[in-house]
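> Build out the structure end to end from the sequences listed, making use of the hints.
Residue numbers (the numbering used here), protein chains in the order written: chain A, 1 to 163; chain B, 1 to 566.
It is possible that some hints are incorrect.
Said to hold, decoys possible - With a Cα cut of at most 27 angstroms, we get these calculated BS3-like pairs of lysine-lysine:
#1 B:K402 with B:K524
#2 B:K310 with A:K72
#3 B:K313 with A:K72
#4 A:K62 with B:K402
#5 B:K310 with A:K66
#6 B:K313 with A:K66
#7 B:K168 with B:K142
Unchecked claim - So these bits of chain A aren't anywhere near chain B, every CB distance computed over 10 angstroms:
#8 S6
#9 A79
#10 G126
None of these hints come from the bench; they were simulated from the model. Note that the Cβ used here is the ideal one computed from N, Cα and C, for glycine as well.
Here is how the chains run, residue by residue.
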Amino acid sequence: MRHIISILLENEAGALSRVAGLFSARGYNIESLTVAPTEDASLSRMTIVTTGSEDVLEQITKQLNKLVDVVKVVDLSEAAHSERELMLIKVRATGKDREEMKRMADIFRGRIIDVTDSTYVIELTGTGNKLDSFIAALDAGLILETVRTGVCGIGRGDRILKV
Amino acid sequence: MTLTGAEIVIRCLQEEKVDYVFGYPGGSVLHIYDELFKQDDIKHILVRHEQAAVHAADAYSRSSDRVGVALVTSGPGVTNAVTGIATAYMDSIPMVVLCGQVPTYYIGQDAFQECDTVGITRPCVKHNFLVKDVKDLAATMKKAFHIAKTGRPGPVVVDIPKDITANKCEFDYPASVQMRSYNPVVKGHLGQIKKAVQMLLEAKQPIIYTGGGVVLSDASEKLVKLAKRLNFPVTNTLMGLGGYPATDKQFVGMLGMHGTYEANMTMQHADVVLAIGARFDDRVIGNPEHFGEVARKIIHVDIDPSSISKRVKVDVPIVGNVPDVLDELLKLLEESGKAAPDVSAWWQQIDAWRGKNCLGYKQKSLIEPQYVVEKLYEVTGGDAFITSDVGQHQMFAAQYYKFDKPRRWINSGGLGTMGVGLPYAMGVLFANPGAQVACITGEGSIQMCIQELSTCKQFELPVKIINLNNGMLGMVRQWQEMFYSKRYSQSYVTSIPDFVKLAEAYGHVGMRIEKPEDVEPALKKAFTEYKDRLVFMDFIIDPEANVFPMVAAGKGLSEMILSEDL
Ligand SMILES: Cc1ncc(C[n+]2csc(CCOP(=O)(O)OP(=O)(O)O)c2C)c(N)n1
Ligand SMILES: [Mg+2]
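Following this line, the structure appears as structure tokens:
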């Protein structure tokens with residue numbers, strides 16, 4: 001099962017490697033990991049997408065909580081939540097493909113944020129699935145480069161992760 | 001008052017009432033050593049290898065209720081210390097290891113004796129710190145001691161660059177620690193404890209199974225109260241020995257790979273298991289699937305939530321500090337007004353298992369290792385601190401020395417580190433001056449930290465080394481005999497030194513004992529005539545002696561192999 005784990009941790013040097021090290025040492029999967037400071041600069045918020053059985057997930061949460069730098073841990077996927085990922089994708093945009101690329105970006109509600117004679121950079125946000133579909137919808141030969149942030153997520157409504 | 005970082009380190013140690021620091025100097029800790037020189041409160045114990053400094057600090061903690069401290073230099077000092085740190089980590093031993101580091105402005109430049117201490121030690125510490133500003137030093141030291149000894153204890157490393165020890169700032173030692181990210185649970189959940197009481201009162205075939213957590217939290221007396229109140233059988237893990245008095249009639253012995261027949265059978269067939277400060281590890285319950293074949297209810301008390309339901313599913317998890325939870329259990333039992341359940345039929349069954357006399361062995365013309373441990377038990381009145389190394393001798397020590405008190409049995413259970421025995425004995429003697437201390441070891445293990453005979457001479461430490469010399473890496477040989485068709489690949493040790501001469505060369509007393517009838521007189525002599533000396537007793541033992549009972553790796557608890565002597 002896929003799970004999205006949100007972690008609040010002290011914004012200290014080495015905190016990221018403690019979390020990443022824990023996952024590799026205990027053989028847990030990381031599908032994606034994103035981290036950045038929160039509105040309170042002393043705290044970072046990390047989102048990890050992982051897969052595993054209920055037992056493994058229970059251990060992951062407990063082991064994360066054990067790390068001295070970790071303040072709070074929640075499994076977002078346990079209840080209603082929103083998730084988003086950002087992708088920047090550079091595509092070849094010449095001749096008839098130029099119009100087609102613009103059209104595809106529009107359909108997926110992407111934005112073109114850089115334009116040259118022969119390329120576009122398209123910015124797209126959405127769930128991982130949506131980004132995957134966008135890539136699948138393009139002619140693979142026209143994709144020059146992609147970069148994705150990995151998933152970040154937040155609980156819906158009153159579900160708030162704060163110290 | 002402004003102080004240098006080095007002065008601050010010493011002041012912090014004084015504030016923590018540290019009396020001994022086990023260490024070894026080098027370039028990046030010279031400022032700290034200079035400050036050590038200028039004061040008398042803290043005594044520095046110069047070892048001969050950093051691994052031993054950490055082991056000694058670790059045993060200082062294990063054998064007392066204080067926090068051991070080690071001090072090593074950067075680079076090789078730290079890498080030598082890693083085995084000691086990992087050993088303490090696996091057994092949850094509170095300890096603070098101070099490491100020198102190259103100056104902050106050299107970090108990352110492959111400077112002389114630089115290594116990534118925080119990176120190397122990260123997976124084997126409870127927490128570690130790199131101090132980047134002298135202003136953070138005192139608060140970091142305070143946190144280090146706090147984290148080491150609270151919650152599930154463990155080693156904490158503080159990495160201190162050399163320039164930090166020269167820089168100055170105001171010294172202010174914080175009175176307390178507030179960390180939003182670190183708040184270990186103390187009290188167990190009342191609802192869960194109530195459920196546990198109910199379950200215990202309805203048990204027909206119960207067992208109390210306890211581990212290192214009872215010893216580390218000094219909960220033995222409360223455990224005894226609970227066991228007496230319920231009249232349940234008690235078993236201890238290797239790490240838990242002494243947590244419950246071994247000579248008490250409710251004690252069924254150690255369980256696990258080399259546990260007693262009765263302990264393993266009782267555990268396997270119990271309908272209610274009360275696990276306290278233990279973690280159902282592979283050496284204890286063997287194959288979890290086999291263990292799971294019998295339906296039973298498990299109540300698990302542990303301070304570390306991640307130990308619960310890690311290897312077996314638990315019915316009643318109770319996260320909390322063991323003594324607090326035991327208090328609560330006892331209180332609720334009293335309030336229930338109910339008598340303990342009738343477990344007399346269960347005791348009959350257990351007594352039948354006991355009848356196997358699974359630790360019996362045959363005396364031969366050679367010295368049997370079991371016999372040496374039994375005699376040691378008698379000669380020391382059962383009241384010595386016993387350290388051990390890792391191998392057959394360790395298991396014989398655990399099986400045949402009956403520990404009635406906690407913190408008397410000092411060994412590396414989790415990591416299984418050969419070489420700990422002698423430095424452990426040193427640490428024990430600093431924490432318990434004047435105590436009887438014996439190190440039960442093998443000719444393989446003792447050679448892994450043999451250089452500490454020199455430290456023992458310098459500080460006149462009267463350790464009694466019981467070398468069960470089988471001329472073999474016996475535990476390896478046993479597995480090869482049983483599971484590799486007697487292909488003894490590299491388990492035979494050649495060119496073993498003359499330990500008597502070796503001991504004498506270091507300024508100690510050496511004895512070689514080759515006949516069973518000489519065992520007792522030699523031990524008596526060592527503990528009376530040579531009471532104040534280190535005595536290296538080289539017992540030439542039966543090289544074919546094996547450790548039984550045995551649950552082979554991957555097998556179930558009730559699938560024990562018993563000795564052919566029975
Ligand atoms: C540092 C280390 N290396 C290797 C091992 C694997 N090992 C476990 S027991 C053992 C043999 C120990 O021999 P000895 O000290 O003579 O004890 P004996 O089993 O003969 O009593 C070995 C090599 C270990 N536990 N620790
Ligand atoms: Mg041996």
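> Would you mind marking each hint as holding or not holding in the structure?
Hint-by-hint comparison with the structure:
no., hint, in the structure
1, B:K402 with B:K524, "holds (19 angstroms)"
2, B:K310 with A:K72, "holds (21 angstroms)"
3, B:K313 with A:K72, "holds (25 angstroms)"
4, A:K62 with B:K402, "violated (36 angstroms)"
5, B:K310 with A:K66, "holds (14 angstroms)"
6, B:K313 with A:K66, "holds (20 angstroms)"
7, B:K168 with B:K142, "holds (18 angstroms)"
8, S6, "holds (15 angstroms)"
9, A79, "holds (21 angstroms)"
10, G126, "holds (33 angstroms)"
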